[in-house]
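Protein chains in written order, with my numbering: chain A, 1 to 313; chain B, 1001 to 1294; chain C, 2001 to 2408.
No lab work stands behind these hints, which were simulated from the structure alone.
Keep in mind that a hint or two might mislead.
[Said to hold, decoys possible] Covered stretches of chain A, as calculated for chain B (at least 3 residues, CB under 8 Å):
#1 105 to 117
#2 233 to 246
#3 277 to 288
[To be verified] Ranges of calculated distance between the beta carbons of each label pair, as one might list FRET restraints:
#4 A/G109 x C/G2216: 24 to 30 Å
#5 A/F195 x B/F1148: 46 to 52 Å
#6 A/L281 x B/R1192: 24 to 30 Å
#7 C/R2379 x B/L1145: 26 to 32 Å
Glycine is no exception: its CB is placed at the ideal position from the N, C-alpha and C atoms.
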Amino acid sequence: MLNWRTGAILLLVVALIALPQLPFGEKDLLTLLISLFILAALSSSWNILGGFVGHINLGHGAFFGIGSLVTRSLWLDQGWHILAALAVGGVVAAIVALIVGAPALRLRGTYFAIGTLALAEAMRLTVGNVLPRVSRLPGPELRVYDIEPRYYLALVVLALIVGVSVWLSRSRIGLGMMAVREDEEAARSLGVNVFLHSMLAFVLSAFFAGLAGGAFAFFHVGYYPNYTFGPVWTFDAVIVTYVGGVGTVAGPLLGAIFFVLIRDVLAANLVNIHLIIFGILFIAIVLLLPGGFVELLKRRGQRLIPAGASTEH
Amino acid sequence: MSIETIVQTLLFGALIGSLYGLAALGLSIVFGVLKILNVAHGELIMLGGYGSFWAFNLLGLDPYLSLLIVVPGLFLIGLALHFGLFARVVRFDEEDRIKNSLLIGFGLTLILQTLATHLFTADERSITTSYSTAAWEILGIRLPLVRFSGLIIGIIVVVALRWFLRRTYWGKAIRATAEDWRTAALAGIDIRRTYLVTFALGAALAGLAGMLVTLQGSVSPNIGLQWTLKALIVVVLAGLGSVPGTFLAGVLLGVAESASALAFGGAYRELVGIVIFLIILSIRPQGLFGGSHA
Amino acid sequence: MKRLLFAIALIVLFLLSSISAVAQDNGPEFIEWGASIPLSGRYAGPAAQVERGYRMAVDNINADGGIYVEEYGRQIPINLTILDDESDPVKAVSNLEDLYSNNDVVVYLGGFGSDMHAAAAAVGEVNATPYIGVAFALWDIHQQGYHYLFSPFPKSPDMSRVTFELLNTLDEDIRPTRVGILQESTDWGIEFASFWTEDAEANGYEIVAHEEYTPGTQDFSDLILAMRDADVQILLALPSPPDGIAIVTQMAELGWVPPFSNIIRAPDAPTWIQALGSNGDYVAFMPGWHNAMAFEGVDALNEQHIEMMGRPADPLVGPAYATVQITAAAVEAAGTLDRDAIRDAMAATDMDTVIGHVTFNEDGTGNVPTAILQYQHGRAELVYPLEFATADLVYPAPPFEEREAIGD
Chain A
1 MLNWRTGAIL LLVVALIALP QLPFGEKDLL TLLISLFILA ALSSSWNILG GFVGHINLGH
61 GAFFGIGSLV TRSLWLDQGW HILAALAVGG VVAAIVALIV GAPALRLRGT YFAIGTLALA
121 EAMRLTVGNV LPRVSRLPGP ELRVYDIEPR YYLALVVLAL IVGVSVWLSR SRIGLGMMAV
181 REDEEAARSL GVNVFLHSML AFVLSAFFAG LAGGAFAFFH VGYYPNYTFG PVWTFDAVIV
241 TYVGGVGTVA GPLLGAIFFV LIRDVLAANL VNIHLIIFGI LFIAIVLLLP GGFVELLKRR
301 GQRLIPAGAS TEH
Chain B
1001 MSIETIVQTL LFGALIGSLY GLAALGLSIV FGVLKILNVA HGELIMLGGY GSFWAFNLLG
1061 LDPYLSLLIV VPGLFLIGLA LHFGLFARVV RFDEEDRIKN SLLIGFGLTL ILQTLATHLF
1121 TADERSITTS YSTAAWEILG IRLPLVRFSG LIIGIIVVVA LRWFLRRTYW GKAIRATAED
1181 WRTAALAGID IRRTYLVTFA LGAALAGLAG MLVTLQGSVS PNIGLQWTLK ALIVVVLAGL
1241 GSVPGTFLAG VLLGVAESAS ALAFGGAYRE LVGIVIFLII LSIRPQGLFG GSHA
Chain C
2001 MKRLLFAIAL IVLFLLSSIS AVAQDNGPEF IEWGASIPLS GRYAGPAAQV ERGYRMAVDN
2061 INADGGIYVE EYGRQIPINL TILDDESDPV KAVSNLEDLY SNNDVVVYLG GFGSDMHAAA
2121 AAVGEVNATP YIGVAFALWD IHQQGYHYLF SPFPKSPDMS RVTFELLNTL DEDIRPTRVG
2181 ILQESTDWGI EFASFWTEDA EANGYEIVAH EEYTPGTQDF SDLILAMRDA DVQILLALPS
2241 PPDGIAIVTQ MAELGWVPPF SNIIRAPDAP TWIQALGSNG DYVAFMPGWH NAMAFEGVDA
2301 LNEQHIEMMG RPADPLVGPA YATVQITAAA VEAAGTLDRD AIRDAMAATD MDTVIGHVTF
2361 NEDGTGNVPT AILQYQHGRA ELVYPLEFAT ADLVYPAPPF EEREAIGD
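Produce the complete structure using the sequences and hints provided.
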């Protein structure tokens, strides 16, 4: 079972790496995949705090925005190498999380959610006021725009966040985080430092959201700096994570695939009404499949595999 | 800057703030009792706005009279939404309730917004009556009547809600459920019905706010998020469990925004409100008027 | 005999193959054009006019058999694929990439709104595909060295210039001089404010107030009072529709109206008067075009529009229609479906359209007539340029409480 799965994943990774060199790896497919990778990375980063620790961060877009803003200005305006700019973007997002985290993580449940939402809104408004000009690549640079490095950068960012998620889901620290999610008091009595675990997850989550933002900044040809701070990024990440399966590594990935494909397929064929259909479909999934796609797969799996094979609750 | 200008600006802020307060009341009640966060609250406000707009344009109904249709209409929509969607959510424990209500609310936002764009187009709509922009002038200060009516309606709603919550069976059931639903259930209160009524009441209040939003400004399919955010800020500023507190917090937010605009210029008006909110949230997480249990 | 048959068969084969070669050389079935338009979301209202203009023009060309393409020696119909971007610039970019890869489009037609165009036009550069768009006045986009971007639409400098041209036509003894700028804190706002300031000073006007606000503001009272206290006579603003409605409503509530107000963008919405009643009157605005500008083809366009919608062409239908006219002419002049050839032909545009005579500058901005309209008793009257004017400018604007209600 494990070997079969590892083999399939390896095959997929190789296929994704080779894709731009293949004849059908055309620009529209790469563009679609880049948005998919960025959304999956953003959702996975949300999942670290929202899924593993269980704190609903509704201001996640702010960290995506910080990452894109810092990366873009270092890379485009200061002429840094994109990898250096990207790293700094992630680090700045993490530092902001560290500063904000201390007061924010004192808030409980819903108040944390609303507080982060307001924080992101405040940042979006500030950035809109301070940097009202659209950030776009100059004409000469656009004419030599190459999609491949963008593709690989987004892929690497996604691979990083998935790798860290896998590690977290198996490590002591990750287990501590999940203990906080299940029952804070119980976790505390077991000697888990609730604040430290929450903070670590918050900072990691922000760091990777920043990287995803940086990948977006590298990819996108022209947008307003406050666009990446918008609530839509947070909402998309939350939907994707829940539809896929919150608190699991595969969930955000499956969710992102569903989200991007459905949107794309419906948008192409049913101009106008696709948003209604998407909304209904989405609600149906939330109501009928609370554990997301991952649970569906697991249920199927349990029928095939003898009981006890699944270790998760 | 003259004294008149300062007074006039702050008065306007208070009047617009009363609309923030009204928009927040429904959200606050639903949040406090059902412990769910309906992010489609702004979309319900939008529906209320369109209700009044069409009642005015098709039936020639005065916007204040249209409340007789819009408020019960939104109450029914609230019943349907709760019955079909949110009732399934309140079965979960508190953590999952919030999460799932967020998700359903978001899906609902998509549906209602797109539906409204299709049915009504994305153009801004507003209601203009003969008295729309009439104002009383006292000592050089103008008091716009329509906005003033918003403040009066807000106060009436607050008084009526207080009476309803303290004196009627359903009101007492709602308060008991908000306090502790398990105890309420043991006391023989039908929790499901209480939830249903509360949610519908919240929707009805959104409808009322929607009429005033349309009359004082404009309505379009995408105003929802903006009002949901404003309402959320007010709800948290006020804390849960206090109806007059919620309304007052709205008024205060409006005044604070105006004062900040006078001090720092218009570009930072919206920001100052949020920053005040964040400061209060970090010092006093239960809100200005909330009890310590929140 | 066998040999002869064989020879005949060879000749027949040869003839057949040459015929099929000719058939292949006959070119594609359609000329592929693509557009990403905000059919839903916040821009859906006005963007519908752009879509209508495109479709009307394309249908008319196709009804005549299409565009003559010299390389294939025949007329080829246009296939215009329109995708919805939900007013989301990221979606617009991915739509345009789809159109390029899947539909192999040779030209992009633009959507609506400056922020959408700012993102979308860049795709034209990336794919070396001409991008022609209307319904955005942002001038700054054109200053980035874009090679494939064209816009036959008035830009901020044109709009600012004609505002003062119109004011200069007023008699000197009644002409207002005190200018107040109510500026949205966006790039377009900044750009416009600087042109307004420049032109005001060059024409002998005085800026007495300049206030900024964030889009989406609910309360404009402090800004309006600042204008009133500065005794502003000429109000210049460029709000979004909800902000514009809020500004005028609150001006009426505060009982202050300047003798002349020029409000860009918000009054373009066809529901402006329905929303504001007589308070929306006497505002001067610049949607880009007016159906009374009697250029070649406008009469026919109006008739067709009345048939479809029951009214003469909406303000954005004209420019959108002209966009298709220009693009079709460029394809025909290029004589091929090569994107760079079409781009060069487009740059050399020198023709009459429903929005007047059009040529393009080096930066892709178009030289097009700029119209000023004013609502009078609920009707959008053309007041400038004077040669097409349907009414004189009403100046000064009467106070709100002295206006008659607008009847049906």
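Hints and how they fare:
1. Closer than 8 Å: that is the beta-carbon criterion, and the region 105 to 117 of chain A has 10 residues meeting it against chain B, so the requirement of 3 holds.
2. Counting residues of the region 233 to 246 of chain A whose beta carbon lies closer than 8 Å to any beta carbon of chain B gives 5, which reaches the threshold of three, so the coverage claim holds.
3. Counting residues of the region 277 to 288 of chain A whose beta carbon lies closer than 8 Å to any beta carbon of chain B gives 7, which meets the minimum of three for the stated coverage.
4. At roughly 29 Å, the beta-carbon separation of A/G109 and C/G2216 lies within the given 24 to 30 Å, and the hint holds.
5. For the pair A/F195 and B/F1148, the beta carbons lie near 49 Å from each other, so the given range of 46 to 52 Å is met.
6. Take A/L281 and B/R1192: their Cβ atoms lie about 27 Å apart, and the range 24 to 30 Å holds.
7. Take C/R2379 and B/L1145: their Cβ atoms lie about 29 Å apart, and the range 26 to 32 Å holds.
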